[in-house]
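Chemist: UniProt numbering puts the sequence shown at residues 1 to 247.
Just so you know, not all the hints are guaranteed correct.
DEER-style ranges, computed between Cβ atoms [claimed, not checked]:
1) G14 - A189: 50 to 60 Å
2) R178 - A43: 36 to 46 Å
3) P60 - R105: 19 to 29 Å
4) E208 - R39: 40 to 50 Å
5) D100 - S141: 49 to 59 Å
If you're looking for bench data, these hints aren't it; they were derived computationally from the structure.
Glycine included, each C-beta is placed from N, C-alpha and C at the ideal position.
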Amino acid sequence: MADAQETTACARPGAPALLAVAHGSRDPRATAGVRALLRRVRALRPWIAVAESYAEIAAPSLEDALHGVDGPLVGVPLLLARGYHALIDVPGRVERRRPDAAVARPLGPHALLAAALAERLAEIPAARRGDAVVLGAAGSSDPAALADLRTAARLLARRTRRPVPFGVVAGTGPALDRVIAEQRARGAARVVVASYLLAPGHFQDRLETAGADHVTRPLGDHDALARLVLRRYDQARLRMTAVVPVP
Numbered sequence: 001m002a003d004a005q006e007t008t009a010c011a012r013p014g015a016p017a018l019l020a021v022a023h024g025s026r027d028p029r030a031t032a033g034v035r036a037l038l039r040r041v042r043a044l045r046p047w048i049a050v051a052e053s054y055a056e057i058a059a060p061s062l063e064d065a066l067h068g069v070d071g072p073l074v075g076v077p078l079l080l081a082r083g084y085h086a087l088i089d090v091p092g093r094v095e096r097r098r099p100d101a102a103v104a105r106p107l108g109p110h111a112l113l114a115a116a117l118a119e120r121l122a123e124i125p126a127a128r129r130g131d132a133v134v135l136g137a138a139g140s141s142d143p144a145a146l147a148d149l150r151t152a153a154r155l156l157a158r159r160t161r162r163p164v165p166f167g168v169v170a171g172t173g174p175a176l177d178r179v180i181a182e183q184r185a186r187g188a189a190r191v192v193v194a195s196y197l198l199a200p201g202h203f204q205d206r207l208e209t210a211g212a213d214h215v216t217r218p219l220g221d222h223d224a225l226a227r228l229v230l231r232r233y234d235q236a237r238l239r240m241t242a243v244v245p246v247p
């Protein structure tokens, strides 16, 4: 709460507030990860009021946060791919309560995320060029989300100059443990999973028990992720102020 009060105090008049909307989890590590990211966002642009909210489970709820923000508002889903929450749930709930607000695109896929993932991979002890890399994600039953995961894997492959398949630990799509086993069957001495998650918690734990030799830290408060949050905010803010031509 102190962070929100401090940011509001120095917010530039007329700048829309940034309402971050994370998925939500019962795991306190996940909430702590979201708050660490938002501290980085505030540090990058201290004149913007930044508030947190969650689509489900955790508090404050999206509705409570919307009620607590006055003036222009941009909602930024802290989601790494398209899917129900990003495309339907969050925009619909914002529209019902704040039809004047704008909702940004989900964060991913994006080259900034690939850059952050590559840096997380570089943190692996004794990282080797011959390591097999797999993008590990939570997963979804939405075909658009799976398409975004494929794109994210391609972007990471381009960044690291090596093949990068992807695997998931929930929903539909290639199961992460099977993808890891396939890499070993193809002769990989070590398999490293690049965690395509925002914060620690249940899904990070599942990545870490899927059979890889190493799993990177979640994206967390990486500077590239914070800059991407602000980029999505800026894109949505410009749509708010765009003049619609009269037919």
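Chemist: Between D100 and S141, does the C-beta distance stay in 49 to 59 Å?
Modeler: violated (32 Å)
Chemist: Take a look at whether the Cβ-Cβ distance between G14 and A189 falls inside 50 to 60 Å.
Modeler: For G14 and A189 the Cβ distance comes to about 57 Å; the hint holds.
Chemist: Quick one: are P60 and R105 within 19 to 29 Å, going by C-beta?
Modeler: With a Cβ separation near 23 Å, P60 and R105 satisfy 19 to 29 Å, so the hint holds.
Chemist: Should the hint that R178 and A43 are 36 to 46 Å apart at their CB atoms be regarded as holding?
Modeler: Distance hint for R178, A43 holds at roughly 40 Å.
Chemist: Hint says 40 to 50 Å; check whether the CB-CB distance for E208 and R39 agrees.
Modeler: violated (25 Å)
When the structure is compared with the earlier hints, violations turn up for hints 4, 5 and for no others.
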